[in-house]
Amino acid sequence: MKHHNRILGTSSLILTLLAAGVATAGPTMDKIKARGAIVCGVSQGIAGFSIPDSTGKWSGMDVDLCRGLAAVVFDDPNKVQFSPLSAKDRFTALQSSAVDLLSRNTTWTMQREASLGMNFAVVNFYDGNSFMTKKALNVKNAKDLGGASICVTAGTTMELNVADFFRANQMKFEPVVFVTADETAKAYETGRCDVLIADASANYSRRAQLQKPDDHIVLPELISKEPLGPAVRQGDDQWLNIVKWTHYAMINAEELGVTKANVVEMRSSANPEIRRLLGIEGNLGEGLGLSKDWADRIIRHVGNYGEVYDRNVGQGSPIKIERTTNALWTKGGLQYAPPVR
Amino acid sequence: MTPDAPARRDETHRTALVNDPKVRRIALQALLIILLSFAAYSAVKNVATNLANQRISSGFGFLSQTAGFGISQALIPWSETMTYARAYMVGLVNTMLVSAVAILLSTIFGFAVGIARLAPNFIISQLARWYVELVRNLPLLFQILFWYLAILAAMPPPRSALNILGSVFLSQRGLTLPQPVIQPGAAILGVAALAVLAAAVMIVRWSRLRRERTGFGMPRRVSLGLSALAIASLVAVFLLAGAPLQLDAPQQGRFNLSGGVTMMPEFAAFAIALTFYSAANIGEIVRAGIQGVGKGQTEAGRSLGLRAGSILRLITIPQAMRIIIPMLTSMYLNIVKNSSLGVSIGYPDLVSVGGTILNNTGQAIEVIAMWMATYLTISIATSLFMNWYNARIALVSR
Numbered sequence: 001m002k003h004h005n006r007i008l009g010t011s012s013l014i015l016t017l018l019a020a021g022v023a024t025a026g027p028t029m030d031k032i033k034a035r036g037a038i039v040c041g042v043s044q045g046i047a048g049f050s051i052p053d054s055t056g057k058w059s060g061m062d063v064d065l066c067r068g069l070a071a072v073v074f075d076d077p078n079k080v081q082f083s084p085l086s087a088k089d090r091f092t093a094l095q096s097s098a099v100d101l102l103s104r105n106t107t108w109t110m111q112r113e114a115s116l117g118m119n120f121a122v123v124n125f126y127d128g129n130s131f132m133t134k135k136a137l138n139v140k141n142a143k144d145l146g147g148a149s150i151c152v153t154a155g156t157t158m159e160l161n162v163a164d165f166f167r168a169n170q171m172k173f174e175p176v177v178f179v180t181a182d183e184t185a186k187a188y189e190t191g192r193c194d195v196l197i198a199d200a201s202a203n204y205s206r207r208a209q210l211q212k213p214d215d216h217i218v219l220p221e222l223i224s225k226e227p228l229g230p231a232v233r234q235g236d237d238q239w240l241n242i243v244k245w246t247h248y249a250m251i252n253a254e255e256l257g258v259t260k261a262n263v264v265e266m267r268s269s270a271n272p273e274i275r276r277l278l279g280i281e282g283n284l285g286e287g288l289g290l291s292k293d294w295a296d297r298i299i300r301h302v303g304n305y306g307e308v309y310d311r312n313v314g315q316g317s318p319i320k321i322e323r324t325t326n327a328l329w330t331k332g333g334l335q336y337a338p339p340v341r
Numbered sequence: 342m343t344p345d346a347p348a349r350r351d352e353t354h355r356t357a358l359v360n361d362p363k364v365r366r367i368a369l370q371a372l373l374i375i376l377l378s379f380a381a382y383s384a385v386k387n388v389a390t391n392l393a394n395q396r397i398s399s400g401f402g403f404l405s406q407t408a409g410f411g412i413s414q415a416l417i418p419w420s421e422t423m424t425y426a427r428a429y430m431v432g433l434v435n436t437m438l439v440s441a442v443a444i445l446l447s448t449i450f451g452f453a454v455g456i457a458r459l460a461p462n463f464i465i466s467q468l469a470r471w472y473v474e475l476v477r478n479l480p481l482l483f484q485i486l487f488w489y490l491a492i493l494a495a496m497p498p499p500r501s502a503l504n505i506l507g508s509v510f511l512s513q514r515g516l517t518l519p520q521p522v523i524q525p526g527a528a529i530l531g532v533a534a535l536a537v538l539a540a541a542v543m544i545v546r547w548s549r550l551r552r553e554r555t556g557f558g559m560p561r562r563v564s565l566g567l568s569a570l571a572i573a574s575l576v577a578v579f580l581l582a583g584a585p586l587q588l589d590a591p592q593q594g595r596f597n598l599s600g601g602v603t604m605m606p607e608f609a610a611f612a613i614a615l616t617f618y619s620a621a622n623i624g625e626i627v628r629a630g631i632q633g634v635g636k637g638q639t640e641a642g643r644s645l646g647l648r649a650g651s652i653l654r655l656i657t658i659p660q661a662m663r664i665i666i667p668m669l670t671s672m673y674l675n676i677v678k679n680s681s682l683g684v685s686i687g688y689p690d691l692v693s694v695g696g697t698i699l700n701n702t703g704q705a706i707e708v709i710a711m712w713m714a715t716y717l718t719i720s721i722a723t724s725l726f727m728n729w730y731n732a733r734i735a736l737v738s739r
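As they're listed, the protein sequences go chains P and D.
For the first sequence, the positions run 1 to 341 when the numbering used here is used.
For the second sequence, the positions run 342 to 739 when the numbering used here is used.
Bound conformation, chain D alone (with noise of 0.2 Å):
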């Protein structure tokens, strides 16, 4: 034991603990922590208290009652006689299929007007370029109700439908196609396709350690071979299981057309909005991304041999995917929020659903709490996932 460290405990022991840093640092998170909770608390307080005074119910127990109205747009099976829970269920479906649909849309049509914007082509370059300006630089709710009237009045009404190969409608009520019906015996189709695809993955993966180890890929005419096996196993599957999948066609009813599945003309004016809204903005990104990218870069490809197609796949976008990323990002949560544009054309999404429940319950709190609770799990689950991705496809240091 060394002589001088019993004076040095004393020493600390002399400092008093306010004037410890690490003890000052902990008393006062543990104050702001109180000072916060307890402002939680009195808001949460106040709230019910006054409530209860104006004689207006609160609390989430409307959720098990029953909705009572009807809902154009149901993914997940839907009647009036179902809870107001389960009702707020089918406009969450609805957003996000508009989300998903607009985000993988866009995501495509953006992909190619960014590249279309720095094409040598001046015709194409300056297309893209007019479309950028005229679409970023309008209202976005504008562009919803323009698409939305334009489908309305290009449309034919129900009664003279376009009929497109005997068994496609389309009319101001949507684009109507003969839906499957699922029937007796459609399991073992799905085990059929599942065992298939199964396979699928277990030959390209095979093929491709052969080709890393050998050098050789597989031929072309086996690969085709293989695939056109596959086809036919499933077709005679099909046939042995006795057709398990019925077409249930549309027909002409007194006002609508009935049976079949409709793609409702909300949907597609909003889908359509939407895409090409984010389709813009999207198209800046990705120029914005391989502009990014060292000229040095495309000129070494080209010293290479590569064609202009190579290079732009090969070299430029993946290293511009690190900059077009989280700007990506940011443009997928605008679309997600942007959704909640739907209600103005009559879209059934999650904020036309909930005003409903909000005005026939009268418990506006508790709706718009869920409402931005489910908007923002939605974004964050985004943001997780496409950060997820940014890092997967980050630079590796070797």
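With the rest of the complex left out, here is chain P (with noise of 0.2 Å):
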């Protein structure tokens, strides 16, 4: 399965790659509009983010970006089809078209943007690369580490950053690379592995999956910067401005606490910037190809950036990863918004 998406990914790459003159300006809003649906690469299952339930509903962070984009386009969150893609596959998948963004816990690089044609939006979550270990192992901290073997998944910024610490430091480990993160957990709970490394998140929702999450400790220190965020392939700047803009309209609408349940009241406030950001005053949306009400869009179908960090990885959630450095500005955090004007 992941052998074929690849092979496929790749295929189609080479296809696109052989026609010759290939368009590559502006033309993603118009293939999702004939399509009725926003193609959305995502991961194979990282709880929080992107993850599937028993049912086939997608839900997560990154999930609701991409509902935010449908209810944008199409006024209809669920107009997404997801495709669940491997650390490994998921730039081929972006630059082949077979996907019109990539919203899957990607970290924002510079070498992804030098030189594998793409360009991030935004951060939608600011991360960092941390160890899980068993607590009967003792470890304190990630200096203990000497000799260990982690297990790592290949094709992600871990497999380079758990060399550079361990380089570093001076200390030996025996890396056990596997395909998908969900392999790399098994062989960390088998045993095979002392130690997992992941992004600090996506420890803290593994953990929560193992059979015993209190035998398990997410060690404190976090070894690298990863900026998590949505990516789009270069040439197509409308595109890019529109996953940009649905991002700030979620942090924007918190900031000016507009939230799902209240936004229909909203509509009548007399703050300004909640009047522009709704589209009663100005009409900003139609410069980005879009309706003029597109944020409240966003707001009815999907929430805020608060309501959707709380339901997914935050307090609402079995994770509970506090909101730290993904706090709106105003509240010492990161995160924070472009002025809607």
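The set of hints was computed from the structure by calculation and includes no laboratory data.
Small disclaimer: the values here were computed from a predicted structure and weren't measured.
Positions of the beta carbon are idealized from the N, C-alpha and C atoms, including for glycine.
One or more hints might be untrue.
To spell it out: a stretch of chain D is covered by chain P in this simulated footprint if at least three of its residues, at any positions, have a beta carbon under 8 Å from a beta carbon of chain P; those stretches are [unchecked claim]: (1) 395-403; (2) 524-538; (3) 695-701.
With the hints in hand, could you dock these two chains into one complex?
Here it is, written out as structure tokens:
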């Protein structure tokens, strides 16, 4: 299956590239409208970010961003096709136009923008790599991990960060590399490795899924910066802007106190910032090729950033990750959006 | 000069160039080559242009950049600061290692199964039959996962590793053995070993020639004496050079055993799965080969008074090999290609390491082209060798 995805992805990439004169500017919206749905590349299952339930319905932070986009374009958050991708296959899928965007807890790095032909739109989750290990091993911090076997997922920044970390601290380690995050976690659980490395958020979500969560500990150190966010192909600025402003609308809505529950009352608010956001005053949405009530649709169908955070990874979820760096800038965090004006 | 010669030349002249079959054949071939090279050229050019348009980098320059990731099994020296090209070589060596081990073991085991399948003993032949039917009909990927999980489940965690003979450890992290560490002065030992080997080869050749000439083989007493002499002289050199090889015994560390050399469970599970799966197929090939030799051959052997084992070894198998080898070649090629499944259990083979390179550099087309070229080279080399061997054992008409 994974194999197939990669082979399909790569062969369609090659086919696209073989065709002479592929148009590269501005066609994403046209394609989405013709198709009647957004194709969103997500993970193969990371609780809180993108994971299907037993009925096949997807949920998570990254999923809600795609639902927000579908709300903007179609006024219907369900017009999204989710395409689960392994870390290894994700960029090929984006490059070959198999997906319209990657919303797959993907780290924004310079190399990915410089040589993979992609642009990151925003950071929807500030994260860092951390280690999970067994409590019985009595490890207090990451510097105690010399000589450990570490389970890693292939094709991620972790594979590089873990090597950097051990090299910088002059310690040895044994990497055991698997293709999917699930295989990696399973190998950790069976005892193949002492340590599982993942984004801190993913480690917390994984720990909650283990048989005995209390036997495991996520070490407090973050060994890297992992700004996670959605990415699109280069060369389609309109689509890039739409993805950016979908996230910014959710941030601004939280800042202004507009929620899924009160958005209808807020339409008659006197606050000019709220009136501009909801499209009561001005017509900013049309400049992006959207409707006047574009942000209203996002909040109505999906909610603001705080609501999305809370129900997927925050206190309203089993994962319970503190807001800290992902709090609004007004509350000491890093989430900040340019003004709607 | 004959009078009609100029007339004939005239006739050739009159045939239009278009109708000359030889000219037409060459022209058509040339046209085909031009068309094919144009198609290849425009494909390459389109790919390059489109990659540039999409701002995806291309070319093989990435191979000399620093890789920066770790690889768990490296038979050639490896560190994170080395290049992508080196990482690819590490993966290639791992692929070749598991293929070679699986080819060797599955050939030995496969021959045993094939012969057992034809054994007059009912239980042995039925056991071999059920083994073949079971293993041959289950998907290989499934068997790889089975062996991997079976090994991980059966082995103790590293902190309570099974200790065999004091310095060999068996755990979920693999089989750890003491590692011989080369000390200064080991070169003398190497030279001595080569000298002993050369002497042995010469003595064996001389003794064979002597037997062909005189009909007398080397008496057993003499050959045993010579072997003892060879071993004794090597031991003497080893001691005189100050024992230049020492063993680095594994020690219990905080997480794992440190020191020694470890065979990863991924390698063991993968080699076992590949061997068992391929051996079932080779068993059938061997059975077909043996049954393809005329029954009269066995009967002739029996009437000469040979024992069953000798008939098999001297008459049946040499003739069966002519049937077996071509099929065995394609089985070996399958083993090499199946070795790409190791990625499913985290064995760092060509596909696993190449996949990491592909993802870190984003250069899908280049890496896939390298994979294709590498597998093609290994496969062609394997089949050239097998073809040479096949020609060597083919029926020689005297």
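How the hints compare with the structure:
Under the rule that three or more residues need a Cβ within less than 8 Å of chain P, the assignment of the region 395-403 of chain D holds, with 4 such residues. Check on the region 524-538 of chain D: 0 of its residues sit with their Cβ under 8 Å from a Cβ of chain P, so the three-residue criterion for coverage is violated. With a cut-off of 8 Å between beta carbons, the region 695-701 of chain D has 5 residues touching chain P; three or more are needed, and the interface restraint holds.
The earlier numbered hint that this structure contradicts is number 2, and it is the only one.
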